[in-house]
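6 protein chains.
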Amino acid sequence: MPYVTATRRLTFNAAHRVHNPALSDAENTRLFGPCNHPNWHGHNYVLEVSVSGEIDPVSGYVLDLGLLKRRVEESLISQLDHRNLNLDVPLLAGTNPTSENIVVMCWGVIAPLVAPATLTRLRLWETENNQVEYDGR
Amino acid sequence: MPYVTATRRLTFNAAHRVHNPALSDAENTRLFGPCNHPNWHGHNYVLEVSVSGEIDPVSGYVLDLGLLKRRVEESLISQLDHRNLNLDVPLLAGTNPTSENIVVMCWGVIAPLVAPATLTRLRLWETENNQVEYDGR
Amino acid sequence: MPYVTATRRLTFNAAHRVHNPALSDAENTRLFGPCNHPNWHGHNYVLEVSVSGEIDPVSGYVLDLGLLKRRVEESLISQLDHRNLNLDVPLLAGTNPTSENIVVMCWGVIAPLVAPATLTRLRLWETENNQVEYDGR
Amino acid sequence: MPYVTATRRLTFNAAHRVHNPALSDAENTRLFGPCNHPNWHGHNYVLEVSVSGEIDPVSGYVLDLGLLKRRVEESLISQLDHRNLNLDVPLLAGTNPTSENIVVMCWGVIAPLVAPATLTRLRLWETENNQVEYDGR
Amino acid sequence: MPYVTATRRLTFNAAHRVHNPALSDAENTRLFGPCNHPNWHGHNYVLEVSVSGEIDPVSGYVLDLGLLKRRVEESLISQLDHRNLNLDVPLLAGTNPTSENIVVMCWGVIAPLVAPATLTRLRLWETENNQVEYDGR
Amino acid sequence: MPYVTATRRLTFNAAHRVHNPALSDAENTRLFGPCNHPNWHGHNYVLEVSVSGEIDPVSGYVLDLGLLKRRVEESLISQLDHRNLNLDVPLLAGTNPTSENIVVMCWGVIAPLVAPATLTRLRLWETENNQVEYDGR
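Chains A, B, C, D, E and F are the protein sequences, given in the same order.
Just so you know, we're using my numbering here: the first sequence kicks off at 1 and counts up by one.
Just so you know, we're using my numbering here: the second sequence kicks off at 138 and counts up by one.
Just so you know, we're using my numbering here: the third sequence kicks off at 275 and counts up by one.
Just so you know, we're using my numbering here: the fourth sequence kicks off at 412 and counts up by one.
Just so you know, we're using my numbering here: the fifth sequence kicks off at 549 and counts up by one.
Just so you know, we're using my numbering here: the sixth sequence kicks off at 686 and counts up by one.
If we strip away everything but chain A, and leave its shape as in the complex, we get:
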């Protein structure tokens, strides 16, 4: 059967602050500028989840994207939406919530949810101009 990649788009709105707690305040300000603002700022994040596999001959799907949406919302989006990524999210505890670190955390949560397909790419938009992608390497 052909090998196809299917992608679902999800969103969450969160506060954060780019901040490395191992550094001094001065060093954080120097490295991160306004993104280190102590009282937080926030974003409408967009997450694209891509899973790959052979088309199931019975369903015609790689994976039911409605099912994928529900699983990712329950296991991940519910922990991120309308939250503070520095304070409220055990999955990010001790992590500087840059887009890079967020997307790697998301991979760990989503990868076990997509069998029999395989998670092959995550894209995370922080703004319409800035985006990261990760393929699990």
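Don't read these hints as lab results, they were simulated from the structure.
Keep in mind that a hint or two might mislead.
As the list claims (entries may be wrong) - Just a few of them, taken from the derived set where beta-carbon distance is under 7 angstroms, the chain B residues facing chain D:
| hint | residue |
| --- | --- |
| 1 | 139 |
| 2 | 140 |
| 3 | 143 |
| 4 | 196 |
| 5 | 197 |
| 6 | 198 |
| 7 | 199 |
Stated by the list, open to error - Listed below are the simulated DSS-like cross-link pairs for lysine-lysine, each with C-alpha atoms no more than 27 angstroms apart in a straight line:
| hint | chain 1 | residue 1 | chain 2 | residue 2 |
| --- | --- | --- | --- | --- |
| 8 | E | 617 | D | 480 |
| 9 | B | 206 | F | 754 |
| 10 | C | 343 | A | 69 |
Backbone N, C-alpha and C define an ideal beta-carbon position, used for all residues, glycine too.
With chain A's structure known, arrange chains B, C, D, E and F on it following the hints.
Only chains B, C, D, E and F this time, still in chain A's reference frame:
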């Protein structure tokens, strides 16, 4: 000369919490649900500023939109971008930062900046699905 | 209190056929071309619901857009999404489902749902290029 | 019958230079900056044409938007697309091709094409951030 | 010469129903829910066609995207646009028209049309949230 | 450390003409049609710059996208924005400014600017329908 409306799009990223300090915590939770989350959440706000007037016969503009952009960024966006709308913005002091209240505040700041044109409409997107507009009434 | 317009975006996916049952097949073909195709075609419709009113001094909202979304989904979108607009929708019985006729029908359903605000504008996109709007006149 | 506004989106790609030939080169540079660059620059323009009227009880349309598209392409877009707005367009001869002046010219061309509907609004995007609209006043 | 990928975006509007005729109605309902609705629903599909190759030193193109557009419209889009994907499309006869199965069918039609370039990726959006991609494997 | 790709979106507005000076005017017209119009046309170009690398454990970034933006604007966008790509850009001297040739030129300028990350993909949109991408091969 023809009367035309010219619009400039600007953006800012901010944290906020929908919260009326005159109400109890329980009442705030009841009214605002996850939007009242105490550790904040945030948005990529989009603001569209529309000014109207007769076309200037020398410039062919209603108002130079580059000039409009610079004035709005200096007087308004610089106070909102990468800030907490509940804690950091004197223009919103004591105000519950709903989109409705934010857009009315923006009107007060921008209206004096656009002469000889007239401010005729502001649109503010909180998310791709939720938007408010105000015409100064 | 300032008078503000708040807008919520919703979507539905439906099949339809532009067809006036009072006309002959030849006349329908002549008037509507491929949009009259007998086996249907379909669209991802986007509906923008705009309500206006004074800002409520307690909530800071014109109307809770989450509440508006739930009401419109229950009363309207649930009857249109994944349906055939010519065959399945009692609200459109006997109506040629052009965007113009759909948006007028939507007005009748939504207007009673938005008190104490007032429904002031509906926009309906059939494609990214074609759109109608209605203000109840 | 209900009174509805129907909108068609069209595009054209053109070169231009914001330049008032009645002014000196120095004055043009001072007023228009990089937009006055002598060797031209260009844009992907987007034009939204909105026509209003009562819904035709036979067709269910205000105006067939496919017909509107063909008329506007023949009479207007064909003169603007892949052209230089300062050099090639008789409809703009002697006009400084700001968005404001372009949209007013478009009104004159399109208004006679939309009977029995009425042209009620044109929107012209020069970039994703800058837009003008005109209602014929 | 450098090896570049060029992409053209096309659209079609179609009705369909996710339905496996080898299964019972009950099983189809269980697997596909509202997407199996017997009277059809529909979508504004977006298809992105990507072809790769060395830049032609005479034209500076990998492949003339205007030519690619005309070929794909003639051979493929004309069979899908304003049609019912279950009933009207010989290319999909006997196929459950999921996005996965549609995109694989498109590959077979488009691949022979793009010489001397090579078809390297197709992306098909069913909605703004759901998308598939295929690279011919 | 995980290996992530980070992408920054930039824009420039330019005039151009698809024209191979080594060919006759008749041959240029035959090959390029309206894109060869002698008085130029233009586009709002969108450039997506993607850089890849391991996440820096101190900053949490692959590369500071604000820094990337400033470097690409200084070294590249400042030479393209509000310019004529055939006449004004030494980086394109003697080159037919198709999207393919522009994106290859951009690679040469940007690749040395992104250390310690690596430039892994450029995407250039000429219009919303036409796009090229290049990975340095």
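Okay, the hints, checked on the actual structure:
{"no.": "1", "hint": "139", "in the structure": "holds (5 angstroms)"}
{"no.": "2", "hint": "140", "in the structure": "holds (5 angstroms)"}
{"no.": "3", "hint": "143", "in the structure": "holds (5 angstroms)"}
{"no.": "4", "hint": "196", "in the structure": "holds (6 angstroms)"}
{"no.": "5", "hint": "197", "in the structure": "holds (4 angstroms)"}
{"no.": "6", "hint": "198", "in the structure": "holds (6 angstroms)"}
{"no.": "7", "hint": "199", "in the structure": "holds (6 angstroms)"}
{"no.": "8", "hint": "E:617 to D:480", "in the structure": "holds (20 angstroms)"}
{"no.": "9", "hint": "B:206 to F:754", "in the structure": "holds (20 angstroms)"}
{"no.": "10", "hint": "C:343 to A:69", "in the structure": "holds (20 angstroms)"}
Of the numbered hints listed earlier, not one is contradicted by the structure.
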